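Chemist: Listed here are the chains, written in short residue letters.
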Amino acid sequence: MIKWQKQGEAVVGPVVLGDGQPATVVLVGTRQNPKGAAIVLTPEDNGPLKTTPLNDALGRLDPAQVIDIVCVQERIFGNSGLPPAELP
Amino acid sequence: MTEPRDIDALLDEVVTLPSLPSTVAHITELVNDPDCSLTAVGRAISVDPAIALKTLRLVNSAYYGLRNKVSSVEQAVVLLGLKVIKNLVFTATVFDTLKSGVDAFLRHSVSCGMAMRVLAENGNAPGLDEDASEEGFAVGLLHDVGKIIFEQFVPEDFEKVRERAVRSHVPWHEAEQEIIGVDHAAMGARLAANWKLPGNIVAAIAGHHDLAKCADPELKGLAAALSAADYICTAAGAGSHDGAAPVVAPDVWPMSRIVSENVPSLLDKYFRTQSAVEELIQIAT
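The listed protein sequences derive, respectively, from chains V and H.
Taking the working numbering, the leading residue of the first sequence gets -9, the next gets one more, and so forth.
Taking the working numbering, the leading residue of the second sequence gets 242, the next gets one more, and so forth.
In short, the hints are calculated from the structure, not lab data.
Nothing here was measured: the structure is a model prediction, and the numbers come from that model.
Among the hints, erroneous ones may be present.
Derived DSBU-like pairs: lysine-lysine, alpha-carbon spacing no greater than 35 Å straight-line [what the hints assert, rightly or not]:
| # | chain 1 | residue 1 | chain 2 | residue 2 |
| --- | --- | --- | --- | --- |
| 1 | H | K510 | V | K40 |
| 2 | H | K310 | V | K(-4) |
| 3 | H | K454 | H | K401 |
| 4 | V | K(-4) | H | K510 |
| 5 | H | K437 | H | K310 |
| 6 | H | K324 | H | K454 |
| 7 | H | K310 | H | K454 |
| 8 | V | K(-7) | H | K437 |
| 9 | V | K(-7) | H | K324 |
| 10 | H | K510 | V | K25 |
| 11 | V | K(-7) | H | K510 |
| 12 | H | K401 | H | K324 |
| 13 | V | K40 | V | K(-4) |
| 14 | H | K401 | H | K310 |
| 15 | V | K(-7) | V | K25 |
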């Protein structure tokens, strides 16, 4: 499971995409907000950071990673009554 | 402390599996009889006031979402049909077994049942019969019942398993194998077989942490779905035990036909079941 931590108002966690590229998941809002979850790709050779909305990157993640991300987003920002996530 | 041993030695010397209450065994026999009448099943349930009461609470819960209140067991049988009633009575009985566990365990079991129901309705639980969602709920509800048996009969070893899993981050079932000699999946499958549950349920419970332990290769998809449901409810905050995140084999996803692009909509359906989960936990306790 992804090791999540709080960074200000955001919740972040490291992932490795299906093609081996390291990235960071950044959660900032509800699932209804298209910008509520994003994947920040770690640049090679000090290039610019590239950010992709989660929904556009689903195919690069495995189902377990998507489950982790969506559940933690719902537990932190959602209102469906799931137990809140306790993060360091 | 017991020495690690195989399941037969454990059952011979330490563990006595709980028997299925005679009322439930009788109802199961009636439902499996093609000539059985709805009235006969209604009467058989009514004979046991505790099961009748729990059945009525369940049938009136958000889980079934019926518009009008059902006030008699006979009415419930007519409205829901025999197979649903069989699962409902079975659920009421399993609740009595599970309520002896810790709160987190009951929540995990009910949540996993609900996750399996969602997967079944979505076509992600291959190997279920025509009443897929009901059977899916039953297998999810029962999948970890082997842990209750260990907690009851080998409590010191069970505590060592907890310590090993939490402190060393060893998967729970592997810690059981090391310390007890048998894991809860094997013990739960043996209980399900003793209760004469359908073979697909027994096989799924046996293989939910290791698909290779699923006796029938045709049913590995169902064991994979159960493994996925276990993972979903743990990620959603209803894990069975602190510190023990389930490990999911990569082939679980293709075998249960779950692809990343469909996970958000699948989880939306699961999240919408949370009020029903809370109500079922209330009924169980």
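Chemist: All hints, please: hold or fail.
Modeler: For each hint, the structure was consulted:
1. H:K510 x V:K40: holds (31 Å)
2. H:K310 x V:K(-4): Not satisfied, since the Cα-Cα distance of roughly 46 Å exceeds 35 Å.
3. H:K454 x H:K401: Holds. K454 (chain H) to K401 (chain H) sits at ~24 Å (cutoff 35 Å).
4. V:K(-4) x H:K510: holds (27 Å)
5. H:K437 x H:K310: holds (32 Å)
6. H:K324 x H:K454: The given pair, whose Cα atoms are some 28 Å apart, holds under the 35 Å limit.
7. H:K310 x H:K454: Not satisfied, since the Cα-Cα distance of roughly 43 Å exceeds 35 Å.
8. V:K(-7) x H:K437: Violated, at about 42 Å.
9. V:K(-7) x H:K324: Violated: K(-7) (chain V) and K324 (chain H) sit about 43 Å apart, past 35 Å.
10. H:K510 x V:K25: holds (21 Å)
11. V:K(-7) x H:K510: holds (25 Å)
12. H:K401 x H:K324: violated (41 Å)
13. V:K40 x V:K(-4): holds (21 Å)
14. H:K401 x H:K310: violated (47 Å)
15. V:K(-7) x V:K25: holds (21 Å)
Hints 2, 7, 8, 9, 12, 14, counting from the list given before, are not met by this structure.
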